Each structure stands twice: as C-alpha cells, then as structure tokens.
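These protein sequence lines map, in sequence, to chains A and B. Take my numbering: the last position of the first sequence gets the number 96, and nothing is skipped along the way. Take my numbering: the last position of the second sequence gets the number 1378, and nothing is skipped along the way.
Keep in mind the hints are simulated off the structure, nothing from the lab. Please read these numbers as outputs of a predicted model, since none were measured by experiment. For glycine and all other residues, C-beta sits at the position ideal for the given N, C-alpha and C. There could be a bad hint or two in this list.
[To be verified] Take a look, some chain B residues computed to stay more than 12 Å from chain A by CB distance: (1) 1329; (2) 1360; (3) 1377.
[Unchecked claim] Here are the in silico distance ranges between beta carbons for each label pair: (4) B:1364 / A:57: 22 to 28 Å; (5) B:1113 / A:57: 25 to 31 Å; (6) B:1032 / A:57: 45 to 51 Å; (7) A:29 / B:1206: 31 to 37 Å; (8) B:1035 / A:57: 51 to 57 Å.
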Amino acid sequence: MAKKIRLSTKDEQSVFIGKVIDLPIKKESIKKMSITLFNDPEPCVIHESYSVSKLTEGLSEQQKKLKTRVKLTSLELDLSYLELVNLDDLYIEVVK
Amino acid sequence: MKPIYVDHGATTPLLKEALEEGMPYLETNFANPSSLHPFGIEVRKRINIERENLAKSLKVSPKELYFTSGATEAINLVLQGVSKCVGHDKEILTTKIEHKATLNTLHTLEKEDVVVRYIPVDAEGLFDFDIFEEMLTPKVGLVSLMWANNEIGTLYDMEKIASICQKKNVLLHVDAVCVATKIDMDLSKIPIDYLSISAHKFYGPKGIGLLFVRDNAPICPLIFGGSHENHLRAGTENVFGIVALSKAFSIMSEKRKEVINHLNELTTAFREELSQIDGVYFNGPKALSNQLPGLVSVRIKGFQSIALGFELARHGIYASSGSACNSDVIEESHVIQVVNRDCLEDFGVVRFTFGKDNTKEEVNRIVHVIKEIIEENN
C-alpha cells in the first residue's frame, strides 16, 4: 500500500509520483463518498482520509499486480475522481 | 471472509443476558422511578437493588455509587465537581497519557486558573513513585490517574498509588474504564476516593456509567434539576442502562478468571508471532505484570498509522489506529506522542484489543495479514 506509483505521459513526463492515497482527488468526489459512507457532506480530516482510501481502493488493488508500465485505461477502473487532466493518455507504473 | 473485530478497547458487543435483563424497563416496566405509584415504585426498587448488587461487588456502600451517562461524564463530574468544592487554588496531578476525557476537562480547568501538574512517564507509560510522592505537595488537592492506559495497556499498581495518596492526604480519582471486571476492584481495601467506569467496555450498553464517591469525599454537582442520584446528578435515570450495566458487570466479573486466561493466551501467542516479524515493535510495558490483559499496541515501520488502520480494515481486521483529528491535520495519538516521541517517524501505530470471543485462529489470521501488508509495502 505504501509503495509509490508514477503517472506519466506517453513521452515519459511525470504527472504524479507518490502513494496512491496521496493522489489529487476532486473535492466533489470526496464529498460524494463521504455522503455515501457517513451521510456527512462535511467530513472531518479522518473521515476525509477514509473516503479517499475507499475511492482509491481499486487502484491500490491493481497497484499490487502491476509489473510493468501500462496505460492507465488498461486497468479498467473508474478514475473520474482523480483531479488530473487527460487521464486517457496517462501511463502508470510502480516505483520504489 | 468474516471480519475480525479486535477493537474491544473502543467498545464491546452487548451481552444477550444484559439486553434481556434490561429490556422490560424499556417496554412493560417503563415507569419513571420517581413516580409514587406502584409502577414507579417497582422501578425505583430495581434501581436500588442493582445499586446494592454493584456496591457488594465493589465492597462499598450503595450510597457511594452514582449512575452517570458514561465514564466521560463521571470523570467530568469528579474533576470539575471536586475542583468546584475544594477551590480552584488546589492543584491537580495527572499524566499526559490519560484519556482525553481527563485531559480536556483539565485543560478547561486550567483556563479557569486551576494549576495542573503532569507526572513524567517513561516509554512504557510508567512513572517513578519517588517522583510522584515528591510532587504530592500540600498544594495538591486531587490526583487523577488511569488504572490502566487504554492505548498502550500500561497497568498501574493502584494499591501503591492509593496508599501514597492516602499517606499524603490527597484525594485520588481513578479512571477504571479499562480494568472494570478484569480486575477485582476491592474498594474496601484500596483507599481510592473516586472511581469511574463505563458499561460498554465490559459488554454492557453504551450511555451508562458508574461513579464511586467515597463517603464524605467532597464533590459538587454539575447538572442541576431533580434530586436524582442523591442530588449529585439530576435527570431521570436510564433504568434500562442501569439494569443492563449491573447484569454485564456481574457476568463478566464471575467469568473474570476464565476471560483473563483466554486473553493472556491470545496476546502471548500474538506477541510471540509478531516479535518474529522485522519492522514490528511493541508499545507499552515489557513486563507481563504491567500489561493490561487483551491489549497489544504495535508500531510497524514504513507506514502511517491512519493508512495502516485502513489497510487492516480492508483485509477484514478491525483494530484501532488511535489517530485523532486536530483541525485539518490527522494527529498521532497523544499517548504515542508522549511515550514514543523519539521513534514516531515512519511508523504506523495500531492497537489490537481482544475480547472474550476472539480465537487463536483469528490471531493467526491477523499475523498473516500483517505479514502480507508488510510484504506488499516492501
């Protein structure tokens, strides 16, 4: 879970390097998840973290299986919660 | 796979017997115990019977027991109520690893110019009795300490602490939440002045607690209204809670030996297994005699506490990270910050608190999951 990932463009420009849980997440997505989980549109920081961990759960699971650099879309996950542009063009890999 | 609940330090499930015993007081025997008609009188009688039963267990007088909404209220009542009675010029002595119910109440009193002094504790949560005795100057009016720490499981020699307080003529309040029914609390032998417990930590219901106030020990009420609880705590009694608390206390006290043996077996096996894993360290006391049965607090290298808790939960292990919200920041538990101040960097802390129904197989699975999580992390 604490292994880092790198998201990059086709020409290897890094967009994000860090832990899955630290990915930039849309505030709206966190709020939506918090409402689903806690019925709370204004979560405290711990509930916010938990909401983020639930949003990124699928990505964390996929991260464990990643052996090479692959296209993000190949993971077949709904990543619309990510505050990143051009998701369809990004690649993901696990980094130390 | 069925989740494994190892967060009994947070709360325990309600005993079926306690629920059944209390239920009539929500349904058929619903009357207000203050009502002077047969329905009400019957309920009043039951409250008095349960107060007497609890008094017998604790070896005190029924008049020295007061029902509250829980330990937080009981602790508030003692700290604020005693301070109000003895005057704000008297100092209060405690440690920085008490429960927030104590610490935040004391912070409030500090704002009202009450002086609070903190007994220094070591990495195991223990303190030096000589230093403690030295700190008990004539200015000190009250000492407030936990019988066992809820986060790292340090178990204190309360007989010794109480005798020192008695010798120095200082009032002693004990937060006994963690030890209630796990230790034989014979208050006829231990000179404690005030003691707080909460039912939901020993398989009773939430929303009910018990406060012991030794006869003639000073205390003033904080909640005003009717003459309930001998004028100390106004408000119609939570009869369901009182009856269920008493039943749970009685059952769990009767099973004490059996439960403690079981908890010790589980935690011994758990500690043995964990001690063989690289990067796993224990928080709290080293000697078994200083450990609260059933509690194991560990720190694991390479994690953040909150994320470690989430990860365990994702694997079906429900434990506690002890982290807390402070404005917009997730803070490490205040207890861990005090006892492990030198080795917090890059460590995730998690507390496992076993209950009477946990099994050795569950211990094995938790160990397996921890190994798996560490492996995934490397």
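Fill in: Verdict on residue 1377 (chain B) as a residue remote from chain A, using beta-carbon distances over 12 Å
Given a closest Cβ separation of 5 Å, the condition is violated.
Worksheet item: Range hint 45 to 51 Å: satisfied by the CB atoms of residue 1032 (chain B) and residue 57 (chain A)?
Response: Given about 49 Å between the Cβ atoms, the range holds.
Worksheet entry | Verdict for residue 1113 (chain B), residue 57 (chain A) (Cβ pair) under range 25 to 31 Å | At roughly 50 Å between Cβ atoms, residue 57 (chain A) and residue 1113 (chain B) fall outside 25 to 31 Å, so the hint is violated.
Fill in: Range hint 31 to 37 Å (beta carbons of residue 29 (chain A) and residue 1206 (chain B)) holds or violated
holds (33 Å)
Worksheet item: Within 51 to 57 Å or not, the Cβ separation of residue 1035 (chain B) and residue 57 (chain A)?
Response: holds (54 Å)
Worksheet entry | Interface exclusion of residue 1329 (chain B) relative to chain A, criterion Cβ beyond 12 Å | violated (6 Å)
Fill in: Whether the CB-CB distance between residue 1364 (chain B) and residue 57 (chain A) falls inside 22 to 28 Å
With Cβ atoms ~25 Å apart, the hint holds.
Discussion item. Quick check for students: does the CB of residue 1360 (chain B) sit more than 12 Å from each CB in chain A?
Written reply: Check passes; 27 Å lies beyond 12 Å.
The earlier numbered hints that this structure contradicts are 1, 3 and 5.
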